[in-house]
Each structure stands twice: as structure tokens, then as C-alpha cells.
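Given the coordinates of chain A, work out where chain B should sit on it, guided by the hints.
There are 2 protein chains.
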Amino acid sequence: MKRINTSAISGMQELLPNTQVIFNTIKDQIARMYHLHGYQYIETPTIERTDILLAKAGGDTEKQIYKVVKTAETADEADQALRFDHTVPLARYVVEHESDLTFPFKVTQIGRNFRGERSQKGRFREFYQLDVDVIGRNTLSIAYDADVVETAYAALKTFIKPKMLIRISNRKILSGLLEALDLAEISKDIFDVIDHAEKVTAEQTKSALEALKISADKIAKILDFIKINGEREAAVAALRALEIKNDKFEAGVAEIDFVLKTLEQHGLAGVAIADMLIIRGLDYYTGTVFETILPEYKGIGSICSGGRYENLASNYTDQSFPGVGISIGLTRLFYILESNQMLGEFQSTSVDYVLIPLSDAEYGFTSQVAETLRKEGKSVDILYSDKKLGDKMKYASKNAKYVGVIGENEAESRSVEFKQLISGEKETIQFA
Amino acid sequence: MKRINTSAISGMQELLPNTQVIFNTIKDQIARMYHLHGYQYIETPTIERTDILLAKAGGDTEKQIYKVVKTAETADEADQALRFDHTVPLARYVVEHESDLTFPFKVTQIGRNFRGERSQKGRFREFYQLDVDVIGRNTLSIAYDADVVETAYAALKTFIKPKMLIRISNRKILSGLLEALDLAEISKDIFDVIDHAEKVTAEQTKSALEALKISADKIAKILDFIKINGEREAAVAALRALEIKNDKFEAGVAEIDFVLKTLEQHGLAGVAIADMLIIRGLDYYTGTVFETILPEYKGIGSICSGGRYENLASNYTDQSFPGVGISIGLTRLFYILESNQMLGEFQSTSVDYVLIPLSDAEYGFTSQVAETLRKEGKSVDILYSDKKLGDKMKYASKNAKYVGVIGENEAESRSVEFKQLISGEKETIQFA
Chain A
1 MKRINTSAIS GMQELLPNTQ VIFNTIKDQI ARMYHLHGYQ YIETPTIERT
51 DILLAKAGGD TEKQIYKVVK TAETADEADQ ALRFDHTVPL ARYVVEHESD
101 LTFPFKVTQI GRNFRGERSQ KGRFREFYQL DVDVIGRNTL SIAYDADVVE
151 TAYAALKTFI KPKMLIRISN RKILSGLLEA LDLAEISKDI FDVIDHAEKV
201 TAEQTKSALE ALKISADKIA KILDFIKING EREAAVAALR ALEIKNDKFE
251 AGVAEIDFVL KTLEQHGLAG VAIADMLIIR GLDYYTGTVF ETILPEYKGI
301 GSICSGGRYE NLASNYTDQS FPGVGISIGL TRLFYILESN QMLGEFQSTS
351 VDYVLIPLSD AEYGFTSQVA ETLRKEGKSV DILYSDKKLG DKMKYASKNA
401 KYVGVIGENE AESRSVEFKQ LISGEKETIQ FA
Chain B
1 MKRINTSAIS GMQELLPNTQ VIFNTIKDQI ARMYHLHGYQ YIETPTIERT
51 DILLAKAGGD TEKQIYKVVK TAETADEADQ ALRFDHTVPL ARYVVEHESD
101 LTFPFKVTQI GRNFRGERSQ KGRFREFYQL DVDVIGRNTL SIAYDADVVE
151 TAYAALKTFI KPKMLIRISN RKILSGLLEA LDLAEISKDI FDVIDHAEKV
201 TAEQTKSALE ALKISADKIA KILDFIKING EREAAVAALR ALEIKNDKFE
251 AGVAEIDFVL KTLEQHGLAG VAIADMLIIR GLDYYTGTVF ETILPEYKGI
301 GSICSGGRYE NLASNYTDQS FPGVGISIGL TRLFYILESN QMLGEFQSTS
351 VDYVLIPLSD AEYGFTSQVA ETLRKEGKSV DILYSDKKLG DKMKYASKNA
401 KYVGVIGENE AESRSVEFKQ LISGEKETIQ FA
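Line order of the protein sequences matches chains A and B. Every letter in the first sequence is one number past the one before it in our numbering, and letter 357, counting from 1, is 357. Every letter in the second sequence is one number past the one before it in our numbering, and letter 411, counting from 1, is 411.
It is possible that part of the hints are untrue.
All copies of an identical chain are treated as equivalent in the list; a pair is satisfied when it fits inside any one copy or across any two copies.
Pairs of lysine-lysine residues, derived as PhoX-like cross-links and limited to a Cα-Cα distance of at most 25 Å, are as follows [unchecked claim]:
| hint | residue 1 | residue 2 |
| --- | --- | --- |
| 1 | 245 | 261 |
| 2 | 70 | 121 |
| 3 | 27 | 378 |
| 4 | 161 | 375 |
In short, the hints are calculated from the structure, not lab data. What you are looking at is a predicted structure, and each value in this text was computed from that prediction instead of being measured.
Just chain A, with the same shape it has in the complex (with noise of 0.2 Å):
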């Protein structure tokens, strides 16, 4: 017979069931924290029409996209495709359900999204993204630009150990100053600049924003705004202080503030900042803008962002869903914690208990023992083999934390020896 090529499809994360379970711990408690903090769950189609998915998207979106065929067409296929993010199916469903959400609709979503990426290390085409958002219907406080920020935080915090610092700006107020410069023109050219500031020197920077052909006093301005990072009041004070007369800056800087303090009075003074370099590369962010990084593991990159944006649906309705959200890439993010080591306080067997009947005879007593100590919450497997006793302990140590051998005499006392694999301290329990 012929055989078929069984090595996975590259790309794509595939994890054995120890790592599994440790990619599973941190998923459920992003999510808990995400319940706790009053977001309401929902799931969308992993396959939506490809009008849809592409109505906002950029070129290497529409690149990346993985279409769907049907092999034997039915009459009511559309053109199809797998979703690249969550953003898009939730502005569907905002606009499809509107009627019966209440607003403002305060959201999660834990899937799967796909992106024909090319191959590399630590990208993956098939990923998961645990996100918030909150939307309004034609208002939106903008006390949720923290309530997003608090909730993500909060959701990090419950397995990454390092410092996190949650770097903030406002599109407004750089989007303001280049009004006020008179370049809102090019501010585009402007944005992509800053944005990769920090992967290039200083000098480069200014030879970028010379390229532009922008005069020396104003690229001074701005290379002085961008060096603006820190608390809320010393950042806010060196903005005010560029004294930029522009509507639009001092919106953003009346937001920043507002965003800022609401997340001191949330606890997070001094993990919140304002930071100038922050941009976004998306073109839908409008207001607030952020990235999270870990400032002593500098390499790994933002790990969890997202940013204000004024309208959800442009595309589909006439009715204004302003909205601000957050997304962790847990896929990236678990790969680049475990390549750093950095998991390894999560328990990674997810058994408790292995039980050895010897025979057929302690089937029965096995079972009782076994629903015992499930109705306390442990996770017991029996093991049925008829292998030697030693490759069933070996079986036992590499799957559970506790092994119990069960018997002719162990039936009939009802008393069941446990051994602690790892330290193998043993303890007997009588059973009912």
C-alpha cells in the first residue's frame, strides 16, 4: 500500500499533550480574566465571505488569505474564506445583531485565525487570538480605552513573571502636531517613520524625515515629540509644553491624560506609560494606541496591543460603532515563552491519579476508587493492560503524579497505597 507523507503542514503550531496542557492553563486563564472583568463571549464562523473579510484590508492581507472551495459546489456557496483576525467577523456580527445586543457591547473572542504567512520561525499561519473589544453604538466613553488596557493586564499578569510595561500614545495627538506643522499631507510617510524609529538609529530617523522634505526646524519638533515617554504627568507636561495650538492635539492629550489616570486609579501607575513611538501600523486606529513589552526580554517584541478606532462598520452600516480592543497572540507569545524558558512554573501533567488494576477481578473496586476521588476534582486514569507491572509504572510516571497498584488484597481491605511519582512518598487511603 502506499504510504502518505504524515509530517505536518508547516506553519502550523502542533503541540504534544505536555505542552498542550500548559498552552491550555494559560489560554483558560486569559479567558477567566477576561469573564471576570464583565466580557460577554461569543464565536463567529471561521469561514465568511470573502467580500466581507477584504472590504478594509490592505495588500498583503488579501496576499495572505486563505480561500475556501467547496469540492462538490452547492447553489448557495459565496466566494469564501477562512477569517485572518476577529475584528472583521465582529463588525458582522455587531451590524447582522445589532438589534439584539445591548451597547455598550462589551465582547471577547478566543479562536483560531488563519494568514498564509511565508515560513519562519515563531510565525504561524494558523494562530490563536484571545481578544477584547468594546463597542458603542455612536458614543463611546472613553473610559474603555483603560478598561481594555486593565483587562489585558490583568489577563498577562496571571502567567507572565517579568515586568510588563503597557506603552500608550493617541493617534490624535501626533496627527495634531503634523496639522499644526502643516503636514498632514504626508503624515502617512510620517507614521511609517516613527514606527520604525526604534529599529534604527537616531540619525537614520532624521535622514528618513529629510528624505521627506521636511524643513529642519519642524523635523526638530518632531524628533523632540517622539523622545516623550514616561508617567502620565511628566509626559503630559512635555507635550503641553510643545505648545502646539491644534484641536485635535490637545483632544488627544485631554485623552491620554483622562486613559493614563484612569489606569493609576486600576493600579497600573508606573506599568501604564505614555510613549510617542507607540503608532500601530493599522491605518483603522484613530484615538488610543498600545503595545506591551517586556523591558527586560527587549528582543520579544510587543506582546499583546491595540488601539481606539472610530467606526467598526464603516463598511457595512450607516450607523457609527465606535470602538476600542485588544488582541494577545497567544500562538506567537506561548512559542517565544517557551523558547525563552519562561513556562516553567506551569504544571505540564494533567493527570492526577493512574490506577493499575492486576486483574479483571479489581475492575469493580478500581471504578469506585476512581469516581472517589474524581468527585474531588482529580483527574484518575485506569490503566488496562496486560503488560509486566514495570512498564505500567513507567506508563504512571510519565503521565500522572500519583500511581496506585490495585489488587487482590487492596479490593478486599479497601485501603489503596498512593506513591507520589516524583518524591515517591507514599500514603494510604481508606475507602468507603
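Below, chain B without anything else, positioned relative to chain A:
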């Protein structure tokens, strides 16, 4: 601007948050039961090579498969498709990671699968399956046939209140019978007739067997055979009373006797019964087969089924991996339960508290209240809005169980009166 059609793609289930929360509660309960029974969790990619997916598939599967095509091709793209079940990816996983796994490999998979079925009420193109399987290397104790049944039953019991009946047969019994009757060559046709016997009259079943040119005495034997059902002792006695001299038949009877006895020891006497009408359409089952019904809701059909297969991965390797598995098709099952008003007891509100600060002066104290409640495991939503208090109370009553309004007095006294939104009962909590 051109507006885009935002209706969901047909055949995809999409729930509102208050229904989604019930779906997830059930999904989590099943997952927890699988875990308590010692099954290890894995996830495989949604996308697999088409040749792997179709290696063993029949005509219908091939027609229903969703092919996946990258928009911009990269060099390493193989012919790919969305998985239509968990069994085929599991086979690939086991072969690929064989040296890192311990056998028997007790495994659970919970995820979305895809089939392009024709649109029909309660039939979904994207659906959740929650599977447990046990895979052995070379051998696998028959006791696992009972283990998966017991595990699935424990999981179903967490959310299905009406009586369940698990109908069990064994393919060896019927195959042995047909061998003994010299009908092995047309066994596939006879399987089909028996598989449909419940949907037609006894007379029609008889005619269908006559159409296969089977002699009257053999037809009588088959009809006697398929009437056999009920608790272990009586059913096994009735099978033995047929006096079939065939090794396979006898092995099958011994197996079903053992599986039912083991299930009795697990407390499933009267729930798990023998029933010779059970066939399971799929070719790959070779021993135990089972289906679960709700006798008080016969129209619902089987809510959970599975069986034993001789060799999970025969298409990919020369090694032998016998297995047994069950699958709960939750998307369809949830639809059935909802349509039959069988989700009554579930709490459809996931948020416990809505806190309403009256102005931003109270954000700090509100945040402290929220954190205190969250530490007790409560889900707490803070509503930021400048709408009227009436609108805010409406939001709270739609989203949560309790509401607390926080103004100047509350912040000063650090005490909040919470109103239970259904009963109207009030309780004041003093915060530290």
C-alpha cells in the same frame, strides 16, 4: 459607499451572547469530565493535506470537503483542506509523534470540523466535535471500550436530564453470524438493511433481505438476531441460544459480555444495554459499536456514538494502532436541545455585577469594588456612560444578576447597595 451583505453564511451556527454562554458551559462540562477520566488533550491543525484527509474516505466525504487555497501561492503549499473529523488528524498525529507518546494513548480532542453538507435544519457545515479516543500500540484492552462509553456517559449526564440509553453491539457478532450462514460475501448489503431496520416496518426489512436472495430460513435467523436487545445476561443468553458455531461470533459475544459487565461495575447497569440493531454506518469499525438515545425523545436520534477500530493509521504506517473512540457532536446536539426546550436550567447571564459610577470622580473607588468582587471569582462589568440612569439600569438588567450604583456617598462611606435584578432584593456591602 457600497454596502456589503452582512448575513451569516448558511449552515454556520452563530449564537447571541446569552445563548453562547450556555453552549460554552456545556462544552466546558464535557471537557472537564473527559479530563477527570484521565484523557489528555491535544489539538491538531484545522488544515490538513487533502491526501491524508481522503486516504480512507468514501464518496460523500470527498464531496463535502472544503479545499483551502492560498490567494498568493508560496513554494511549500501542498493540496490542503479543512478537516472533517478528528479521527483522521489523530491518526496522522499518532504516527508523527509516536516516539514521544505513551501507549495506551488516552486522548481528547475538542474543536471545529467542517463539512459542506446541503443546508438543512439542524445540520451545520461548521460544527464542534468533542471526542475521546484510546489508541494502543499493537494491542489494546477491551476494557477501554467500556472506558470511553462510561466517560461519554458521565459527560452527557452533566447536561442531559432525561433518561439515556446506550445501545451497544459488536460487529464481530454480526460478521460471525453472516459467516456461519454463508452470507459473508453480501455482508455489506445486509449491514445496510439492518442499519435502516428501525426506520421501516418489519415487513419491509424482510422484503429487503429477500431482495438480496437470501433463503427464508436464513432470513428468519437474521430477524431473530436483530430482535435481541436488553440487559447483559438475557441478551448474551439469547445470542448463545442461536447456537452459531463460528469463532468470530463467539469472540464478539464474549467481548460484549465483558464490556457490559465492566459498565455494570461502573454503575451503568440499566443504562448500557445490548442491541443487535446497532451497526454504525462507517466501514472502519471492527468490534464494539454504540449509540446513545433518549428513549423519551426518540425523534432526536443518536446523540453520541462511536466504536472500536482495528487499526487507526493503516494508511500511514505498517505499525498497528488499534483504537476505540466516541464523539459528541455538540453543535447539532445543542441545536436539538434548544429546539426541544431542554436548556431551561442553564444560567444565560455570564456577568454577575454591573457597577455604575455616577461620575469619573468615583472611578477609583469603583475599580476597587470591582477588584474585591473579582477576587471572589465574580464577573464584574463597570458601565462607563453619560446616558440617563434609567438607560444604565436597563443595560444592567439585560446583562447581569446584580447592579450597584456608585456615587459620592458610596465612595465616601465605602459601602455599596447591590440590587438583585430578578428578585429586587437589596444588600449593602461594606468595602475595606
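When Cα atoms must be at most 25 Å apart, do residue 27 and residue 378 count as within-copy, between-copy, both, or neither? Result: close both inside a copy and across copies, 21 Å intra and 19 Å inter.
Between residue 161 and residue 375, at a C-alpha cutoff of 25 Å, which is it: within one copy, between copies, both, or neither? The answer is between: 19 Å across copies meets 25 Å, while 33 Å in one copy does not.
Regarding residue 70 and residue 121, is the shortest C-alpha distance of 25 Å or less found within a copy, between copies, in both, or in neither? between (31 Å within a copy, 20 Å between copies)
25 Å Cα threshold - placement of residue 261 relative to residue 245: This pair counts as within: shortest intra-copy Cα distance 23 Å, inter-copy 85 Å.
Of the numbered hints given earlier, the model fails none.
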